[in-house]
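Residue strings, one per chain:
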Amino acid sequence: MEKTINVTLKVWRQAGPKAQGKFETYKLNNVSTDSSFLEMMDILNEQLISERKEPVAFDHDCREGICGMCSLYINGHPHGPDGEITTCQLHMRKFKDGDTITIEPWRSAAFPVIKDLMVNRGAYDKIIQAGGFVSVNTGGVPDGNAIPISKIYADEAMDAASCIGCGACAAACKNGSAMLFVAAKVSQLALLPQGKVERATRAKAMVAKMDELGFGNCTNTGACEAECPKNISISHIARLNREFLSAKIKD
Amino acid sequence: MAKKETVVETTQAVKPTETPIMIDAKVPSGPLAEKWKNYKAHQKLVNPSNKRRLDIIVVGTGLAGASAAASLAELGFNVLNFCIQDSPRRAHSIAAQGGINAAKNYQNDGDSVYRLFYDTIKGGDYRARESNVYRLAEVSGSIIDQCVAQGVPFAREYGGLLDNRSFGGAQVSRTFYAKGQTGQQLLLGAYSALSRQVGKGAVKLYSRYEMLDVVIIDGRARGIIARNLVSGKIERFFAHAVVVGTGGYGNVFFLSTNAMGSNGSAAIQMYKKGAYFANPCYAQIHPTCIPVHGEFQSKLTLMSESLRNDGRIWVPKKKEDAEAIRKGTLKPTDLKEEDRDYYLERRYPAFGNLVPRDVASRAAKERCDAGYGVGATGLAVYLDFADSIKRLGLDVVKARYGNLFQMYEKIVDDNPYETPMMIYPAIHYTMGGIWVDYELQTSVKGLFCIGEANFSDHGANRLGASALMQGLADGYFVLPYTIQNYLADQIQVPRMSTDLPEFIEAEKEVNDKIQKLLSIQGQRSVDSIHRELGLVMWDFVGMGRNKEGLQLAIDKIKAIKKEFWTNVYIPGKADDLNVELEKALRVADFIEIGNLMARDALQREESCGGHFREEYQTPEGEALRNDDEYAYAACWKYMGEDADPVMLKERLDYEFIKRQQRNYKA
Amino acid sequence: MWLINSSIGRKLIMSISGIMLVLFLLFHGLMNMVVIFSADAYNAICAFLGANWYALIATKGLALGFMVHILYAMYLSFQNLKARGKERYAVTDKQDKVSWASQNMLVLGLIVFGFLALHLYHFWSKMQLVEIGHMLGKHVGDIDKAVDGAYWITYWFSQPVYAIIYLVWLSALWFHLTHGVWSSLHSLGLNNQTWLPRVKCISNIFATLVVLLFVSVVVYTYVYQNFVL
Ligand SMILES: Cc1cc2nc3c(=O)[nH]c(=O)nc-3n(C[C@H](O)[C@H](O)[C@H](O)COP(=O)(O)OP(=O)(O)OC[C@H]3O[C@@H](n4cnc5c(N)ncnc54)[C@H](O)[C@@H]3O)c2cc1C
Ligand code: HEM
Ligand code: SF4
Ligand code: FES
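Protein chains in written order, with the numbering used here: chain A, 1 to 251; chain B, 252 to 917; chain C, 918 to 1146.
One chain only, chain A, in its complex shape (with noise of 0.2 Å):
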């Protein structure tokens, strides 16, 4: 049932990729704990606003849980306390009343920030740019079920693929690495017949690349797993190892 908390909120402000960031508090009063966190910050920017000063800078655009776009490291995890799902997706009803919640961006060398609570996840792209895809061009290509693909690998695929490139992997990961992210494509076009055919060249491009982008090295810690919105497992990594030291080794 509907209920009004009152919170602290502890923002970092940032004017800009150079400059120098600090934490602001704010008090916000008579939250509705049935409004979503990003709502609760639509309210904090509308008092923000009503005080002619700037609001805060968030990224967010679905409000559903599969856009990837919001982030936020709220109490010190990634899309805050709740497991299994997105900042957006996390509700109020989580905070008691009193409590003081310290909002940060996602903190990783290769996600500098670009505003207040907004950093550039820009990577993520180059990476599968360099080799998450697999190289067909529009037509031309076999009817779609002239290739079976058994249900068990194809289940597997899927749950690989739903990643929603959020970079709440890297944004937990103490060393920095984007292995989970990495690990979900490679082992989802490596898991169906159609991305077998490039697997080789696929996860050295994509490591490759990883690597130059300036992510740390993965010490299986499986703090990304442990936050990551939609459950990727680190069984994916496992294979990206795999998938990557047979490539090398057959080179």
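Be aware that one or more of the hints could be misleading.
[Claimed, not checked] The list that follows gives simulated cross-link-like pairs (lysine to aspartate or glutamate, EDC-like), each with its CA atoms no further than 20 Å apart:
| # | chain 1 | residue 1 | chain 2 | residue 2 |
| --- | --- | --- | --- | --- |
| 1 | B | K812 | B | D778 |
| 2 | A | K96 | B | D396 |
| 3 | A | K174 | C | D1010 |
| 4 | A | K174 | C | E1004 |
| 5 | A | K96 | B | D664 |
| 6 | B | K661 | A | E84 |
| 7 | B | K587 | B | E574 |
| 8 | A | K94 | C | D1010 |
| 9 | A | K53 | B | D826 |
| 10 | B | K569 | B | D590 |
| 11 | A | K18 | B | D826 |
| 12 | A | K10 | C | E1004 |
| 13 | C | K1011 | A | E51 |
| 14 | B | K649 | A | D155 |
| 15 | A | K196 | B | D590 |
| 16 | B | K451 | A | E212 |
| 17 | C | K1003 | A | E46 |
| 18 | B | K523 | B | D826 |
| 19 | C | K1014 | A | D99 |
| 20 | A | K94 | B | D665 |
| 21 | B | K484 | B | D826 |
| 22 | A | K151 | B | E760 |
| 23 | C | K1011 | A | D99 |
| 24 | A | K94 | B | E758 |
| 25 | A | K18 | B | D827 |
| 26 | B | K824 | A | D82 |
[Unchecked claim] Here are the in silico distance ranges between beta carbons for each label pair:
| # | chain 1 | residue 1 | chain 2 | residue 2 | range |
| --- | --- | --- | --- | --- | --- |
| 27 | A | T8 | B | A810 | 37 to 43 Å |
| 28 | A | T8 | B | W816 | 34 to 40 Å |
| 29 | B | E408 | C | F1123 | 39 to 45 Å |
| 30 | B | D665 | C | L998 | 42 to 48 Å |
| 31 | A | Y153 | B | V897 | 55 to 61 Å |
Rather than coming from a laboratory, the hints here were simulated on the basis of the structure.
Virtual Cβ for every residue (Gly too), placed ideally from N, Cα, C.
Using the hints provided, position chains B and C with the ligands relative to the given structure of chain A.
Below, chains B and C with the ligands alone, put in the same frame as chain A:
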């Protein structure tokens, strides 16, 4: 070139007060099934060495934009691709859940291109263009093949072949799906194809860029003005042709199932530069969304239509019960069977809870308006699974809908296994959009429009699982052909400087507009005005419309426009990342769209598909179409800032299908 | 060279050097167990592993393994620190599913390394080193005791301070291994969805067994020397 035949002719359907200007859609002649084949056989093409010399701007990276940009780059064109999100993968197509239709007939249940075509036309309440819809059905199969080849993990059966599910409005199983994330997987497929071209340098990607105007030189689209959303810098881009796939304008209602950034601005920019805006009043309202919970709500979440397969929709029979439930003194589970009104089953015995979206939505609104609504606001109805749980067992219900129930619980904090779910209709999709001809070209030469942004294939109502199909059909299989027919004449045109006066002028207009907005320094936030607009739209241009309401809406929108342009407050600067400014620019355009929608709804004195005029209904309260007078696409032409737009018509002649009244009662 | 330049290549080296060290530990621990049953037998093994060419090569290999493991550990950790970025999170919270050891591998490794120096002083410097010295004609240390490993074990572990120090060391090692063993297999790609929990479980049991081998010698000696005798 195929011999072009004019589909329109002077006709008595035009009301005498209006100028009978008819628009030619340039539909090729010949039998329906031959049109596209003939077109392709005779169209002009651009040879490979010339392709490299031609630049194409594609705005949007949704299913339509990404598939077009990738395909055009594969062909050898030089592509510039824009999106407002930080990554092309986040376009709103990602949110589609249910599936994508294709006439594969893998199930051997009698599907065919013709049947898909027919279902789509009928679902659109006979207000779509036959030739386009047929072409759509024709290429639908290739879309599935293409996506499979890209590695889209469609659901499979144990034998390893593709699985299908059934969707509303069809008697066959032709919907392909990837769990409840079909849009995501299809978009990631298109995104991977796009990424491959970006990696190769064939597509130059501009993410976090917003198109703010299209540049017309000598009557042809030659580029765009866009704002770098990070730096705030206004930039000019040249191309030989401009393709716009910027999605739908459902957010004119403020609350909708669309993403926060979905907008109709590019459409308005094109409209103001001479492209017609067609059928703006056709908006689809989805019956099963999570109801509004409070005044700070920012968006509405769709619950899959499939829930209606096993859920029963009801409200209390007595007003006092409804009131007690709203107050919280009565629990829905305590209400006796005879005190419940299963109104869909009562009104539509044949289809029951499975009536089409528009019908189900209106029925819910009717009950709530009459005072029988539930939930704290009274704007909700129950979707009850108690009977199904009893009949099928908890496990079966869990297996079928578990993830949806969990999603519901996360948002509402209520366990739908125990208390009935609450749902209410919400704006979901806009069938209206920029008018395009058979080649997907707008009324401005060299300006093309694809995906939800155009008006093309869904008529007055869209069937489930066919928007994904249309977006990808446009981008993979239609535009890459038709645009060449245009570009073949452009190979002699050299790349132009963006210092031409037209570019400078367009940029100046954009800058002036931004400065004007920033200088208002009023008292209202952008969102507060947007919310106000949304309420007006919902109340008067929403599910049920009537003449007085629409006239009132036009006045109210005018007042909102004035309020916006004199009292909005936008903090921050123009040359910086400024989210409020971005929103303000979009809301300014939503106000224009709202106005167009109301006008269009006012002129269309009939009920069809998503457009329901209360004056035009059968005695049982069903939509009453008027084919004699309104079998046309209403195309609005911009006449200047202070003048009223003019309506032109494209007559929708049905050569191959006979129009019928939709009937879901028996 | 991809073993240096690529992150997965570096992990391969970490993993293989780690596995080498684990295997050495397993052998070392099993060998130690012998002392519980027979001091003579233990000393026979010690003699066998004295300053003989094969033992010396193995020692060098082992030292190299350590060096590689440590150098890579430093390099990886340094890179990872850099990848985190300059600005740190103000608030961090731990995740239920993430083991403490996995987040502190470098620290645990350094503890292991620190005690290793003591350990080398306690045993290796008194034994193989003395033998090597003698071989090279330098008469340092007590050559008789150099082959009497059992003596040194008794000597050190009967003292409560050293017994405790060794137990602390071993617990650090245990933590390091609870993550290290399964992680090394994962790094080699030897894992999948179904096996992930199993591999973790087996690795934990294995790590515990290996460490128990050492612990039992320490505890046995201490208890036996101080309370039984
Ligand atoms: C919740 C939900 C569920 C749905 N489920 C289904 C379903 O199951 N089946 C089905 O067939 N359909 C479904 N639909 C409809 C379907 O998803 C959309 O109609 C379709 O994806 C639209 O694709 P698009 O490419 O036209 O536009 P979008 O995907 O909306 O893409 C628009 C693109 O344009 C860009 N853009 C917008 N404005 C600008 C600008 N000014 N400058 C630069 N770039 C701009 C955006 O960044 C984005 O890249 C659903 C829709 C919703 C909202
Ligand atoms: C007896 C001594 C040691 C053994 C048996 C051992 C074993 C291992 C093993 C098996 C791994 C896993 C490798 C992988 O994940 O691929 C590992 C990782 C690691 N070790 Fe050691 N190690 C020892 C000593 C050290 C020392 C002395 C240090 C540091 C100076 C150290 C630092 C690390 C680090 C930082 C990792 C990385 C964590 C990881 O990749 O999971 N280790 N060790
Ligand atoms: S793997 Fe998970 S955490 Fe990482 S980007 Fe994908 S969805 Fe986000
Ligand atoms: S806003 Fe799209 S996932 Fe959160």
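Enumerated hints in conflict with the structure, sorted upward: 2, 13, 15, 17, 18, 19, 22, 24, 26
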